[in-house]
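Position chain S against the provided structure of chain U, taking the given hints into account.
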Amino acid sequence: NAGVTQTPKFRILKIGQSMTLQCTQDMNHNYMYWYRQDPGMGLKLIYYSVGAGITDKGEVPNGYNVSRSTTEDFPLRLELAAPSQTSVYFCASSYQAGELFFGEGSRLTVL
Amino acid sequence: KNEVEQSPQNLTAQEGEFITINCSYSVGISALHWLQQHPGGGIVSLFMLSSGKKKHGRLIATINIQEKHSSLHITASHPRDSAVYICAVLTQGGSEKLVFGKGTKLTVNP
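Chains U and S, in that order, give the protein sequences.
Start counting the first sequence at 609; every next residue gets the next number (our numbering).
Start counting the second sequence at 1409; every next residue gets the next number (our numbering).
If we strip away everything but chain U, and leave its shape as in the complex, we get:
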C-alpha cells in the first residue's frame, strides 16, 4: 500500500530558485494538507484542500502556491526560495476530516 507519497525526500536550493514538492495519495481521500515543521516548533498549516479544484490558505501560506487538479495529487510550489523556507515539509490526507495519513516528509534547505 503506497498511502501518501512525497518527493523529493531531500533538496538543497539556492536563494531565488523555485521548486515543486510532489504529493500523491492513492486512498481516494478528499482532504489533503501541506505542513511545515521547524525545529522545536509544532506543525504549521501552509495550504489545504477539501477536494479537487478547491484550495485554501492555512497559517503560513506566503511564498507558496498549490493546485489540486486531481483527487490524488496536491503539489506545493515554492517560488523564489528564501532561507526562511528551510524546513521539513509534510503532506497529509484524510477522508473527510477523519484519520490522518502522513507522507514521510521532505527536508528542504535553502542556502
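Since the hints were made in silico from the structure, they are not lab data.
Relax, there's no trap hidden among the hints.
Straight-line C-alpha distance at most 35 Å; calculated DSBU-like pairs for lysine-lysine:
#1 S:1462 / S:1510
#2 U:652 / S:1505
#3 U:622 / S:1513
#4 U:652 / S:1513
#5 S:1513 / U:665
#6 S:1510 / U:652
#7 U:622 / S:1510
#8 S:1462 / U:652
#9 S:1476 / S:1513
#10 S:1461 / S:1476
#11 U:665 / U:622
#12 U:622 / S:1505
#13 S:1463 / U:617
What the simulated footprint calls covered on chain S by chain U, stretch by stretch (three residues with Cβ under 8 Å from a Cβ of chain U suffice, anywhere in the stretch; the number is not a length):
#14 1433-1442
#15 1445-1454
#16 1508-1517
Quick caveat, the model's predicted, so the values are computed rather than measured.
The beta carbon of each residue, even a glycine, is placed where N, CA and C say it ideally should be.
Chain S in isolation, oriented as in the chain U frame:
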C-alpha cells in the same frame, strides 16, 4: 496564546511507568487527533476523538469537550514508546482546519 497547548513539553520516564500527556485547546472543535512522531521523523495517527475515550493496546485517549481538554495515557511504558506525541484539533466553522500543539517529547529509559 496558542490555540492548542500541550504539557509537559518534555517527559522522561522509566520503563514500566504510567505516562500522561495533556492537551488543552481554546477553540471549538469537531475532533481531536493524537499523533506520534518517531525519531526518524515519520508521523502516524494514534487516535481521533470527538467524545469519550478510546483504547488501543497500551494507549488510552480521553477527551472532555466541556473542559476543552484531552489526555493521552500510556500504560506499562517501554523504550520503544520514546517519540514526540502531538495533539491536533480540527476546528469548527466554515473552513475546517487542523491546528497542532508543539508536541511532547517522551523518553522512556530501560
